[in-house]
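Protein chains in written order, with the UniProt record's numbering: chain B, 1 to 230; chain W, 1 to 230.
It cannot be assumed that every hint is accurate.
What the hints assert, rightly or not - Now the stretches of chain B that chain W is said to cover, found in silico as 3 or more residues with beta-carbon under 8 Å: (1) 67 to 75; (2) 167 to 179.
As the list claims (entries may be wrong) - Pulled a few chain W residues facing chain B out of the computed Cβ check, cut under 8 Å: (3) I24; (4) E52; (5) A53; (6) G62; (7) Q64; (8) Q67; (9) T74; (10) V120; (11) V146; (12) R153; (13) M164; (14) R220; (15) R223; (16) V227; (17) E229; (18) V230.
If you're looking for bench data, these hints aren't it; they were derived computationally from the structure. Because the structure is a prediction, the values reported are computed rather than measured. Quick reminder that beta carbons are idealized off the backbone N, C-alpha and C, glycines included.
Number of protein chains: 2
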Amino acid sequence: MSPTAELAAELETVTSGPDATPLIERLQWRYAAKKMDPARAVPAEKVERILEAARLAPTSSGLQPFQIIVVTNTEVRQRIQAIAWNQAQITDGSHLLVFAAWDDYTPERINAMFDYTNAVRGFKNEGWENYRNMLLNTYPQRGAEVNFQHAARQAYIALSAALMAAAYEAVDSTPMEGFDPEALDGILDLRARGLRSVAILPLGYRQAEQDWLAPLAKVRRPREQFVTEV
Amino acid sequence: MSPTAELAAELETVTSGPDATPLIERLQWRYAAKKMDPARAVPAEKVERILEAARLAPTSSGLQPFQIIVVTNTEVRQRIQAIAWNQAQITDGSHLLVFAAWDDYTPERINAMFDYTNAVRGFKNEGWENYRNMLLNTYPQRGAEVNFQHAARQAYIALSAALMAAAYEAVDSTPMEGFDPEALDGILDLRARGLRSVAILPLGYRQAEQDWLAPLAKVRRPREQFVTEV
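With the rest of the complex left out, here is chain B (with noise of 0.2 Å):
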């Protein structure tokens, strides 16, 4: 065997082996549909369990620094998709998550989480309004590119999560970041809003027969190629 017909074994043993949980199962039944199939819609409960999953996702000092906008509107997704390669899924699947990071961390944002924080909780904590401080006195001046980075990385967080509750859910998802942003911010209005589009992902189900991608193997390095112990 060749070593690339070896790692294609080997890829092939780890992804059936007897270690597999429900989870891993649905993260190999996965994968970024390319046609889905536009007469079924997902159910509105099963869309709420991907949004709390993303609402449930840990975030860099709990600030959750991004939202999530729900397009279902025909024409709104038809204006997104002219501005995103004509993709297909963002009009085939039924619902299009938008992830949208704030532009900045500024102290009126910083202070709402924390306030909000101490409302849920009943008490106000000395450490933690220390660290709101710590934060007051450093986020805010890094500026606003440095933080909208940081704040995008943050959304990522949630966008795995929902592609992962929605495999879990047994929901076609696709994340996509080829579009163009500034457009989406306008076609949605984002910037009035002090956030800026970073990733979307099209939820619906996919139409295997019409896939080209949906015969072929998924392909991730092997493992020794990709962890290292120490």
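Fit chain W to the given chain B structure using the hints.
Showing chain W alone in chain B's frame:
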């Protein structure tokens, strides 16, 4: 029914409960544990499934532009702890996952992943080759910093996959950005491998009675402040 349709139908049944699913329940159970039990180690098979979830996570163009370093060596973890605000979980947990993103997208790295994909699939596809060339003609020219930031976001997708899989396995994990990335790169000699550390994730088991955070309410923005519908 095709095997895929069969699996989809089965998943449909398993996950169509009225509200909570095991996955959502476990995401509610998870929190960023501050005190882990140094006497309890995460079993190897659970660590492997957590790594497998990260390996199966989708990434932009399938490039998987990052590595995971699994640190169990106590002395190395002590050195990492010293450059990470002395956070106790780094040594109280049993495994420390370090997510390290590519410092750049080079033609070699792009070609290696496309060649590997062709090897696994056993054929060349013209569309895929055109896509390879499009990446080769754009990514390397964008500059290392832009590319590193893009790769870091992909690493965050895998970070999220790992922490969700840990929760699903009833394993505690604490995602951390609070460390000196350059110092960590030095300790693990990452720069020589073309890598830069972006996040770390200790794995272990909570010692709730000694954790100030454990009894406090989980705080997340309410759905209506987090989600907008269009």
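Verification of the hints:
no.	hint	verdict
1	67 to 75	holds (count 7)
2	167 to 179	holds (count 5)
3	I24	6 Å, holds
4	E52	6 Å, holds
5	A53	6 Å, holds
6	G62	6 Å, holds
7	Q64	5 Å, holds
8	Q67	6 Å, holds
9	T74	11 Å, violated
10	V120	5 Å, holds
11	V146	10 Å, violated
12	R153	5 Å, holds
13	M164	5 Å, holds
14	R220	5 Å, holds
15	R223	6 Å, holds
16	V227	5 Å, holds
17	E229	5 Å, holds
18	V230	5 Å, holds
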